[in-house]
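Asks: Chains as they are written, first to last, in our numbering: chain A, 1 to 326; chain B, 1 to 326.
Honestly, I wouldn't trust all of these hints.
[Unchecked claim] No farther apart than 27 Å at their CA atoms in a straight line, the calculated lysine-lysine pairs in the DSSO-like style are these:
no., chain 1, residue 1, chain 2, residue 2
1, B, K184, A, K155
2, A, K7, A, K320
3, B, K296, B, K134
4, A, K7, A, K240
5, A, K95, B, K135
6, A, K240, B, K184
7, A, K95, A, K135
8, B, K173, A, K155
Derived by calculation from the structure, the hints in this document are not laboratory data.
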Amino acid sequence: MSYKSIKTRVIGVDIKKDITTYAVVDIRGTIIAKEQFQTTDYPDISDFVSELSNRIISISEANGGYDNIRSLGISVNSGNNYTGCIENAANMPWKGVVPLAAMLRDRLGMAVALSNNAHVSALGEFVFGSAHGMKNFIVVTLGSGMGSCFFSRGKAHLGADGFAGEIGHTKVADNGRLCGCGHHGCLETYCSARGIEATAHELISTTDLPSKLREKSDFVLNDIIDCCKADDPLAVETMKRTGKMLGLGIANYASIINPEAVIFTGRVAKAGDYLFEPAYESFEQRVYKNLKGRTKFLQSILDNQERDVLGASVLAWGIKEYSLFK
Amino acid sequence: MLNNNTKSKVIGVDISSERTIFAVVDVRGNILDSDSIPTADFPDAQTFSTELSDRIVSMMEKNGGFETFHGVGVSTPSGNHLTGCIENAPNLPWKGKIELAALLRDRLGMAVAIGNDAHLAALSERVYGSGHGKKNFLCIKIGMGLGSCFFSNGHEHEGGRGYAGEFGHICYKEGGRLCGCGHKGCLETYVAHKGIIMTAEELMAESNEPSLMRSLAELTPRTISACCDKGDKMAIEVFRRTGHALGMGLATYASLIDPEVIILTGGITNAGKWLLEPANEAFEAHVFGNLSGKVKIMRSTINDEERDVLGASALAWREPEYSLFK
Numbered sequence: 001m002s003y004k005s006i007k008t009r010v011i012g013v014d015i016k017k018d019i020t021t022y023a024v025v026d027i028r029g030t031i032i033a034k035e036q037f038q039t040t041d042y043p044d045i046s047d048f049v050s051e052l053s054n055r056i057i058s059i060s061e062a063n064g065g066y067d068n069i070r071s072l073g074i075s076v077n078s079g080n081n082y083t084g085c086i087e088n089a090a091n092m093p094w095k096g097v098v099p100l101a102a103m104l105r106d107r108l109g110m111a112v113a114l115s116n117n118a119h120v121s122a123l124g125e126f127v128f129g130s131a132h133g134m135k136n137f138i139v140v141t142l143g144s145g146m147g148s149c150f151f152s153r154g155k156a157h158l159g160a161d162g163f164a165g166e167i168g169h170t171k172v173a174d175n176g177r178l179c180g181c182g183h184h185g186c187l188e189t190y191c192s193a194r195g196i197e198a199t200a201h202e203l204i205s206t207t208d209l210p211s212k213l214r215e216k217s218d219f220v221l222n223d224i225i226d227c228c229k230a231d232d233p234l235a236v237e238t239m240k241r242t243g244k245m246l247g248l249g250i251a252n253y254a255s256i257i258n259p260e261a262v263i264f265t266g267r268v269a270k271a272g273d274y275l276f277e278p279a280y281e282s283f284e285q286r287v288y289k290n291l292k293g294r295t296k297f298l299q300s301i302l303d304n305q306e307r308d309v310l311g312a313s314v315l316a317w318g319i320k321e322y323s324l325f326k
Numbered sequence: 001m002l003n004n005n006t007k008s009k010v011i012g013v014d015i016s017s018e019r020t021i022f023a024v025v026d027v028r029g030n031i032l033d034s035d036s037i038p039t040a041d042f043p044d045a046q047t048f049s050t051e052l053s054d055r056i057v058s059m060m061e062k063n064g065g066f067e068t069f070h071g072v073g074v075s076t077p078s079g080n081h082l083t084g085c086i087e088n089a090p091n092l093p094w095k096g097k098i099e100l101a102a103l104l105r106d107r108l109g110m111a112v113a114i115g116n117d118a119h120l121a122a123l124s125e126r127v128y129g130s131g132h133g134k135k136n137f138l139c140i141k142i143g144m145g146l147g148s149c150f151f152s153n154g155h156e157h158e159g160g161r162g163y164a165g166e167f168g169h170i171c172y173k174e175g176g177r178l179c180g181c182g183h184k185g186c187l188e189t190y191v192a193h194k195g196i197i198m199t200a201e202e203l204m205a206e207s208n209e210p211s212l213m214r215s216l217a218e219l220t221p222r223t224i225s226a227c228c229d230k231g232d233k234m235a236i237e238v239f240r241r242t243g244h245a246l247g248m249g250l251a252t253y254a255s256l257i258d259p260e261v262i263i264l265t266g267g268i269t270n271a272g273k274w275l276l277e278p279a280n281e282a283f284e285a286h287v288f289g290n291l292s293g294k295v296k297i298m299r300s301t302i303n304d305e306e307r308d309v310l311g312a313s314a315l316a317w318r319e320p321e322y323s324l325f326k
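Hey, can you work out the whole structure from these sequences and the hints?
Replies: Next up, the structure:
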C-alpha cells in the first residue's frame, strides 16, 4: 500500500448456530459479495477458523483484493466485545471461552472486532436502519431466544463485563415457566419462538378455541403466524397473550431507559401487527406516564439476512486498522 | 487576555419538599458555607427564585465575592436537565412546568444547571463517592419515592427526553397496590416509605401475633427498623418482604445494565441489614446467571445531607461559564 491509498472495504461475518454468513461491504453499506456455509459442519473451532479464513481470503481476492480490506467484524451469540471471545454460548457447538477474534487475527493478519448479535444488530440499525439519527433507543431481537441492546447518547451500552441487555431474563411472572437459564418466569419463556409455541400448546389443551393448529402436533412459529393471517382464533389469541407479556416487559425496560424508539428484529417480529398491536396496547397501559404516547414501536426496515452482516461491518470500521503485511 | 481570576467555587442547591439547602462548594468538594430556606413557605416559584437568588448572592459576597464563582447547580425532584425545568413535581408547591434554570439565571446573571435528585445523587457518587472510577453503575434512591440513575460508559444516561431511570415504576406485582402514577403494582408501592408502612399494616392485620409495632405511636420505616433492632419478628418480616421486592427489582435492572456496583442511598437504607440482606438474597436468586456473584451492592458512604448539594455542585462545573456582568 502506498501513502496515498485508503482501504475502502471491510468483511462482515454473522455466525449463527446453523449458518455462517460473510460478506464484503463497502463504506456505504453496499454488500459487494456475500456467501454462506454450514456452521454445524465444523464442531471443532480450529477447523471452523481455518475454513472461515480461507473463504474470507478467496472472497476478498475475488472482490477488489485482500489489500483493499481494512478489517473484519464478527457477530456471534454470546460474543463479548471487550475480550473478543465467545463466552459460554448455550447454542453454539463450541463450549467454554473461545478467543475467536485472536484466532482469526492470527490467521488473517488484520484487525478483528467481535461482539454479540444483539449489539451488532443495534449497530446495523443505528447506521443503516430504523434507528438512523436516534441517540437513545432499544433494539430487541426476538428469535429462538430474546436479546437486546440499547444506545445511550449515541453509543451502545455494553455494561461492565459486556453482558448488558438481558431483557429475555427479566422476570414477568411469579413462579412462571422454567427458563433455560435456570430461573422461572423469564420474559424469554413467553416471547421467544419456543415460548410462543408453548403458549399455543397451552391454549390447545386449556381452551376450546377452534384452530387448524389442532390438526398438527409439531407446528412451529411460522405455522402460527400463517394461521394468524388466516384469522385462526387460537393463533390470534396466542399472539395476543404473547403481546401482553412483551408489552409488560418492554414497559419496564422503557421506564428505565426512556428510549426514542423500540425496534424489533428477528423471526418472531414477522408476526407483525398480530403481535405488535396487543404488545403496544399493553406497553401503553404499563409504561410510566411521562413516556405514554412518546415511544415508537418499530419493526426493523433491514432485511433479516443482511442486518447482522451490515452491523458487523460497522463494528469492523470501529477498530484501529492493523496489518501484518506492510 | 491575561487573567488571574480563577473561579474556584460553585453554588450547589438541593431543593426538597421541606427545605432548600444552598452551599458554597470548592473544586475538591469541600462545603465552605451552607444555609437553607423552607421550600413550603413559597407557594409561588417567582418569589421562591427571588428569595433564593438574594440569599445566594449574599452568600457569595460573604465567601470571596460574585466574581470568584463559576456557576450554580440545582438538584430538584422532577428536574429535567435537558430543558432546565421542573416538570410536574408531585411533592413540590409549584405545579406544572417551572422554568427554574431560566428564572435563576435571570436573577443571578450566571450559568445555572438543573438536574433531578436521582441524577445528581448518582453524579455525586461518581465524583465524590462509591462510584468514583466506575463507568457503569446504578445509584438507587429509596425515600418517599423510589428513583434511580445509571451511568453508561462513564456518563449518566438521561434518555430521549430526560425521563430515564423510573425504577420505582417498573411492575413488581401485576394488579398489585395502586401507585400515585395511576398504575397498579409499581415497585415503589412496596419498597418506598408508604409501601413499607402498608406492608407493616397488612402484616398486623393478617394475624394476632404480638409485635412491638402494635404499640408504636407512629408507624414509620424508622420506628419499624427500631423494632427490628429489638428482635421483633413481625418487624423483621416487614423488611424481609421489602428487601425481597427491592432485590427482585434490582435483578431486573442489573440484567439490563450489567453494572459494576449498585449504590443504595436515601433514608430507607438506614434500616441496614434488615433490608439489605434479604435484598441481596433475592437479587442473587433472580439476576441473570452471568452476573450472579459479580455485582456489588453497597450503601453510599456520602453523608445524606451533603450528597445532593455535592452532586449539584458537580453539575455546575460542567456548565460553560457565563456572566452577565463582564
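Asks: Hints first: check each against the structure and report whether it holds.
Replies: Here is what the structure says about each hint:
1. B/K184 <-> A/K155: 34 Å, violated
2. A/K7 <-> A/K320: 12 Å, holds
3. B/K296 <-> B/K134: 12 Å, holds
4. A/K7 <-> A/K240: This hinted pair is violated, its Cα atoms lying about 49 Å apart.
5. A/K95 <-> B/K135: 30 Å, violated
6. A/K240 <-> B/K184: Roughly 21 Å between the alpha carbons, so the hint for A/K240 and B/K184 holds.
7. A/K95 <-> A/K135: 36 Å, violated
8. B/K173 <-> A/K155: Violated - the C-alpha atoms of A/K155 and B/K173 are around 33 Å apart, more than 27 Å.
Of the hints listed earlier, those the structure fails to meet are numbers 1, 4, 5, 7 and 8, in rising order.
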